[in-house]
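Engineer: From first to last, the protein sequence lines are chains A and B.
So the first sequence is numbered by full-length UniProt numbering: it starts at 1 and just counts up by one.
So the second sequence is numbered by full-length UniProt numbering: it starts at 1 and just counts up by one.
Derived from the structure by calculation, the hints contain no laboratory data.
Certain hints may be false.
Identical copies carry no separate label here, and so any pair may be met within one copy or between two of them.
Claimed, not checked - No more than 30 angstroms apart at the CA atoms, straight line, and that leaves these computed lysine-lysine pairs for BS3-like:
{"no.": "1", "residue 1": "Lys-31", "residue 2": "Lys-141"}
{"no.": "2", "residue 1": "Lys-31", "residue 2": "Lys-108"}
{"no.": "3", "residue 1": "Lys-120", "residue 2": "Lys-11"}
A quick note: this is a predicted structure, and the numbers were derived from the prediction, not measured.
Protein chains: 2
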Amino acid sequence: MSDLFRKHLEKFIEVDDSEFDAILRYFTLEKVTKKENLMMAGSVCRSHFFVLQGCLRKFFINEKGIEQTTEFAIENWWLTDNLAYEQQGTSEFYIQAVERSEVLTISKPSQDKLLQDIPKMERYFRFIYQRAYAASQMRIKYLYDFSREELYFHFLDRYPAFIQRIPQYLIASFLGFTPEYLSEIRAKKRS
Amino acid sequence: MSDLFRKHLEKFIEVDDSEFDAILRYFTLEKVTKKENLMMAGSVCRSHFFVLQGCLRKFFINEKGIEQTTEFAIENWWLTDNLAYEQQGTSEFYIQAVERSEVLTISKPSQDKLLQDIPKMERYFRFIYQRAYAASQMRIKYLYDFSREELYFHFLDRYPAFIQRIPQYLIASFLGFTPEYLSEIRAKKRS
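One chain only, chain A, in its complex shape (with noise of 0.2 angstroms):
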């Protein structure tokens, strides 16, 4: 399973066979079930999450008591609260298997031990930073230009594997809007 994360870290940085016993000894693997908690809110942030297979989810309690939904990820995507994490203090966020899930762990102290001793991997995660951060400027772009509606096409038009796979409610949770309208709009587009 470990061998997904050695073809996505080839992508960015070349690793022989020893290198990458080498970077895998900073992880651990876990496996998740189906909603189960990876991480609450009120704990401190003391994990960074790579999906070898599965699906997690990061959401927060808003005042009124709904889980909203801020990001997903899918193989090969990493997941935390990385403001949390850098300061390894503590969450609003929880993060959460929406589906039976593989993932390799890794702790900030052991992260940055990783970068000290391995250095091609400041390459690594600056290209993962750099990706993860620009896909975020589109996303608040998107949030200020398009209608809910707008979101939820746009969407579905870039990813329509990945509406397919998530199911609706959670659509609903991410696009910040109730599952009956996302019914509604499913119905009119439709009709």
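The hints should help you fit chain B onto chain A, whose structure is shown.
Structural biologist: Chain B alone, transformed into the frame defined by chain A:
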């Protein structure tokens, strides 16, 4: 003026005199007047800007023809359309000086070469993108979680000097409401 950049670099990596001179060679220094455009929507995003002095903003023009500001950058901040910059593609954004500013400008080929020639810059940019990404994730949470009025007070609370410095109509453009609505909120606060 470029001493400011050196001080900034040294928060993340050690740099001696000759290394700093070598690093600077990848950049050009630009002086821009207030309201001068550094990048125009519809053109290829060729540059990444580091603000030595002054303030830049990034905005797009929405369907209604209104300028929607999505980011500001003051001293020690980087600014570009990261997605278009990485792909060397066309940007939907403008980058404009809010004040008379001095910026260090680097092109994508130069930044790639800088990272190859001086590998410790991987570590520097890894930190830059990591922090920018973390801040961007929190901003997405606020966009979901806060009303526009709450966004303003949150911003006022966190960045009082910034609110003083930036013209009110640009603060309104950043928060996504009209200057009139911002005046109303401010009046309500005072009463």
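Engineer: Work down the list of hints and note, for each, if the structure agrees.
Structural biologist: Going through the hints against the structure:
1. Lys-31 x Lys-141: Intra 35 angstroms, inter 28 angstroms, cutoff 30 angstroms: inter-copy only.
2. Lys-31 x Lys-108: within (20 angstroms within a copy, 40 angstroms between copies)
3. Lys-120 x Lys-11: Answer is both; intra-copy 13 angstroms and inter-copy 21 angstroms each pass.
Consistency note: the structure conflicts with none of the earlier hints.
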